[in-house]
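Student: Go by the hints and put chain V onto chain P.
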Amino acid sequence: MNATLRQTASSMVEPLTAHGLVHCYEDSQVLRGIDLALAPGSVLGLIGRNGAGKSTLIRILLGLIQPQDGQARVFGEPALQLSDAAKERIAYVPQQPEALAWLTPLQMFDYLGRFYPRWDHAFAKATLARWQIQPNRVMAKLSPGERQRVELIRALASQPELLVLDEPAAALDPVARRELLREIALRAGEAGATVLFSTHIVSDLERVASDVAFLHEGKLLLHCAVDDTKERYARLWLPASQRAAAPTLSLSRRAHEDGSLSLIVERNARGAWPEAAQLPGARIDALGLEDLFVEIAE
Amino acid sequence: MKLARVLRAPWVAAQATSARWVIGSLLVADVIAALMVAGFGLDMPAVVVLLCGVGLLWVYVLPQMLWLTQAAHRLRLPGMRRDMNTCLAVYALASVGLPALLAAVTSGQPGVTAVLAVLTLCACFLYAILPWVVSVGMCFLPALLGQLPHALDLPAPHAPGFVHWAAPLAGAMALFALWRWWQLQRRENLAVRPLFRPLALGFNVTMIRQQYAQGGGTTVSHQLDPLQLIRQRPDWLQPVADIHRTGPAFPQRSLRVALGGSYLPQRWTARRLSLLMPSTITILCGVVAIIWGLTTPDSIKLNFIGTMGHALAFGIGVVVTLTAAIVPIGFMNYLQLLWCRPDAVLPLLALLPGMGPMERMKHLLLETMLARPLKILAALWIMAFGAGLFAQLTVPAMALLLSVPVLSAGWLVVAVTCHLGGCLRPAMRRVFEWISIPALLILGCLSAWLPATVPTAIPWLALAWLVWAMLVGGVGWHAWQAYRVAPHAFVWRTT
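Keeping their order, the protein sequence lines are chains P and V. Residue 1 is where the first sequence starts when you use this note's numbering, and the numbers rise one by one after that. Residue 1001 is where the second sequence starts when you use this note's numbering, and the numbers rise one by one after that.
These aren't lab readings, by the way, just hints derived from the structure by calculation. A few of these clues could be false.
Under the rule of at most 20 Å between Cα atoms (straight-line distance), these lysine to any residue pairs were calculated in the SDA-like manner [said to hold, decoys possible]:
no., chain 1, residue 1, chain 2, residue 2
1, V, Lys1002, V, Asn1085
2, P, Lys141, V, Trp1236
3, P, Lys141, V, Arg1233
4, P, Lys141, V, Gly1261
5, P, Lys141, V, Gln1266
6, V, Lys1362, P, Ala297
7, P, Lys141, V, Met1383
8, V, Lys1362, P, Glu77
9, P, Lys141, V, Leu1264
10, V, Lys1362, P, Leu106
11, P, Lys230, P, Ser250
12, V, Lys1362, V, Arg1231
13, V, Lys1375, V, Gln1266
14, P, Lys230, P, Ala286
15, P, Lys141, V, Ile1230
16, P, Lys219, P, Glu266
17, P, Lys141, V, Glu1359
18, P, Lys125, P, Arg114
19, P, Lys219, P, Arg253
20, P, Lys141, P, Trp131
21, P, Lys141, P, Asp110
22, P, Lys141, V, Val1240
23, P, Lys141, V, Gln1238
24, V, Lys1362, V, Pro1248
25, P, Lys141, V, Gln1232
26, V, Lys1362, V, Gln1481
27, P, Lys141, V, Val1031
28, P, Lys219, P, Gln29
29, V, Lys1362, P, Glu275
30, V, Lys1362, P, Lys219
31, P, Lys141, P, Leu106
32, P, Lys125, P, Gly145
In isolation and in its complexed conformation, chain P is listed as follows (with noise of 0.2 Å):
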C-alpha cells in the first residue's frame, strides 16, 4: 500500500522544472530568467534560433552546467546533486552524441545495460538490426546518422520516465527521422514517458509534440499546447494611420517601410485580442507554427 503511494506520489512530480535560470558566457547573456514546467507525460518541443540557448538551457535542466543563477530540478531534485534513482529514469541524447566512441554499439548496450535496471537488450539489438547498423563496428566510424542512431537506441533502451533529445533529427534522413517520430510518439502514448526535445524542424514539432515552449534572446516567449498556438497568437496589422495606438505588449513588433506596422498579439485572459485589434484599417492573421516562429524569431 505504502509503495503504491510512494510509487503515485513520484509519478505526480514534474519531471523537469527551472526557476530563474540565469547563465552567461564570456560576453553574452544566453539565459535571462528562465521559468519552466514539464507535466508528467507531456511532450516539449524547445525551439529557438540557432545560439538561442536551446542546448544550455537543457544542459542546465540535467545539472550538466552550473547556472549563474535559478534552479533546475529533475522529478523533485536538484539537478547538480541527482540521485541514482532520478538517474536510472533520465535518457539524453545530446546534439553530437561522442561519448564511448571507443566500443562498438554492441559493447556500449552491453556496458551500459549493467546500469540500468530496467534495460531493454532485445529492443536494442532488434532495432540496431532493424535500422541497419553494423553492430561490431567502432562507433567513432560510423556516420554522423548512424551514431545518432545509436544514442536513440540507447536512451529508449533503458525505458527512461524522461527523455531528453537535443536536435534529435539534426543528422537523421527523413526515413529515420520519420521512426524517431514515431517512437517518441510511441513512448509518450504508451509508457507515459515525458519527452523534451529541441529542434528547429517546426513540422517535426507539430507532429508529435503536446506542447511547445520558445526560447528568443534567452527568455520563453512562448509556453503553451501546440494545439493552442493557432487560436491564442496571431499577426495585428496596423496601418501608418493608426500605428500611435499600438500595443504596448507584444511578443514582436516589426515596421514595415510604408509606415505600418506587425505585432505578434496574444488573447487576454478574457481570451479577446488587444483592443488596437478593432481599430479602422487593423487585421488579424492566423499563423501557422512555423509561420509564428519565423515572425518572432526575424
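Tutor: Just chain V now, kept in the frame of chain P:
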C-alpha cells in the same frame, strides 16, 4: 609593409595570446640579458645567452607555421608558401646575423659565433619539425655532442680549428632542415600517422583544445583529437575494449571504459602482440648491449665506445626524466580534451546511475584518473634509478634525478584536481600551465644531466624545485578546496 605582415605570421598563425606574451617577453628578456652580459665584457657568455633566445624562437615560434602551412594547403591559398619561406629566411638571417654582430663588436669571433648560431638554429628547428619519436631521441644530443669533441679529438669552439669541422656539419644540418620543411609544406595531412607527427604540432595545446571544443572541422587540431585518431587507425590496429568486470560493482574499471584512451581496459589480440613484440625485443637488446658495454670495460678497447656508453647512460637518464615530465602533461591534455566537449563523456558520466552519491563518484574519478599515470611514473622512477646507478651519480645528483618523477606526479595530482574542480578561470589556468609546465620540463632536463657535469648547480636546482613545488602546492590547495565544494565532477565549463 608586406614584409612586416609576413614576419608577424608565425606569431599570429597559431599561438594563443597568453603564449605569445610569454614567449615574446622571454625573447625580449633574453636580448636585454645578452646586452647586459656583453656590457660586463663577457663576450662568449653574451653570445651563449643570445643563442638561447635563438633556440626558443626556432623551437616554439617559427615551427608553429606548420599550422598555417596545413591550412593554406587545404584551402589552396595562393602565395602563402612563398610568404612563409620568406619569413623563415628573414628570421634565419636575423638569428645568425645578430649574434655574429654582437660577437664582432665584443670578441672578434663572428665566424665561430655564426657557425654556432646555425647549429643552434638547425638543431632547434629540426627538434620541432622532425617526427616526435626522433625528437625525443634528440635528447641524447647534448650528452653526445658534449663528448664527441673529446672522443674524436675535434677542436672545441674556442680552439682555432673549430670552424673547419663545425661549418660543414652546420651546412649539412641546414640542408636537412630545409628538405624536411619542404617536405612538410607539401604534406596533405600531418597527423595521419601519429608516430611521424612533428613535435611542433603538439606544442599549441590551448589552440587544439579550443578548436576541439568547437568541433573544429578540417584543421590539424581536429585530427589530433582522440576520436579522429580512432577513425584514422586501420581496424586491425584498433584497440579492442575489454568490458568484462564493468558495471556498478566495478566502478573504477567502468570509469576507465568511459574515459577511453590510455585508460581503456584492452584485450591484447595476437595481431597487436605480434606487432609490439619485435620492437620490444629490439629495445631490450639495446638496453642489454649498453649494460654489457658499461659493465665489462675490458672487452671494450676503444675509448670512443666507452665514452659513448657513458653518454648513452646520460641520454637514457635525460629521456627517462623528460618522459617523466611529459607523461603527466600528455594525460592532462587528453583529459582536458575530453572535458572541453559538452557532448562527449560529461553527460554520460554525470547521468550514469549505479555509481553512488556524487561525493563518492568524485573520489573514484580522481583515483581512476591518477592511478594509471602514477603507475607509469613509478616505472620511470625505477628506470631513472637504474640509469643513475650506471652513470655512477653522486647521492645529491641521484636524489635530484629521482625527484623528477615524484614532482611530476605531484603536478599531475594538482592539475587534475584543478581541472575537475574548476578552481582557476581559463586565463589563470593558462598562466599556471605556462609557468609550471615549461619549468617542469626545463628543471626535469637540467636535473637529469647538470648535477653530473656541474655539481655546484645542485643547490640551485634544489632551490628552483622548491619554489616550483610551492607554486604548484599553493594552486593544489585551492584546487582541492574547489573540488570539495563542486556539485559534481562533470560540470561543463567553457574553455
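Student: Hints first: check each against the structure and report whether it holds.
Tutor: Hint by hint, here is what the structure shows:
no.	hint	in the structure
1	Lys1002/V to Asn1085/V	14 Å, holds
2	Lys141/P to Trp1236/V	13 Å, holds
3	Lys141/P to Arg1233/V	10 Å, holds
4	Lys141/P to Gly1261/V	16 Å, holds
5	Lys141/P to Gln1266/V	18 Å, holds
6	Lys1362/V to Ala297/P	42 Å, violated
7	Lys141/P to Met1383/V	38 Å, violated
8	Lys1362/V to Glu77/P	19 Å, holds
9	Lys141/P to Leu1264/V	18 Å, holds
10	Lys1362/V to Leu106/P	28 Å, violated
11	Lys230/P to Ser250/P	16 Å, holds
12	Lys1362/V to Arg1231/V	31 Å, violated
13	Lys1375/V to Gln1266/V	17 Å, holds
14	Lys230/P to Ala286/P	6 Å, holds
15	Lys141/P to Ile1230/V	8 Å, holds
16	Lys219/P to Glu266/P	17 Å, holds
17	Lys141/P to Glu1359/V	35 Å, violated
18	Lys125/P to Arg114/P	15 Å, holds
19	Lys219/P to Arg253/P	16 Å, holds
20	Lys141/P to Trp131/P	17 Å, holds
21	Lys141/P to Asp110/P	19 Å, holds
22	Lys141/P to Val1240/V	14 Å, holds
23	Lys141/P to Gln1238/V	11 Å, holds
24	Lys1362/V to Pro1248/V	15 Å, holds
25	Lys141/P to Gln1232/V	9 Å, holds
26	Lys1362/V to Gln1481/V	13 Å, holds
27	Lys141/P to Val1031/V	50 Å, violated
28	Lys219/P to Gln29/P	11 Å, holds
29	Lys1362/V to Glu275/P	59 Å, violated
30	Lys1362/V to Lys219/P	34 Å, violated
31	Lys141/P to Leu106/P	14 Å, holds
32	Lys125/P to Gly145/P	18 Å, holds
Going through the hint list in order, the structure does not satisfy hints 6, 7, 10, 12, 17, 27, 29 and 30.
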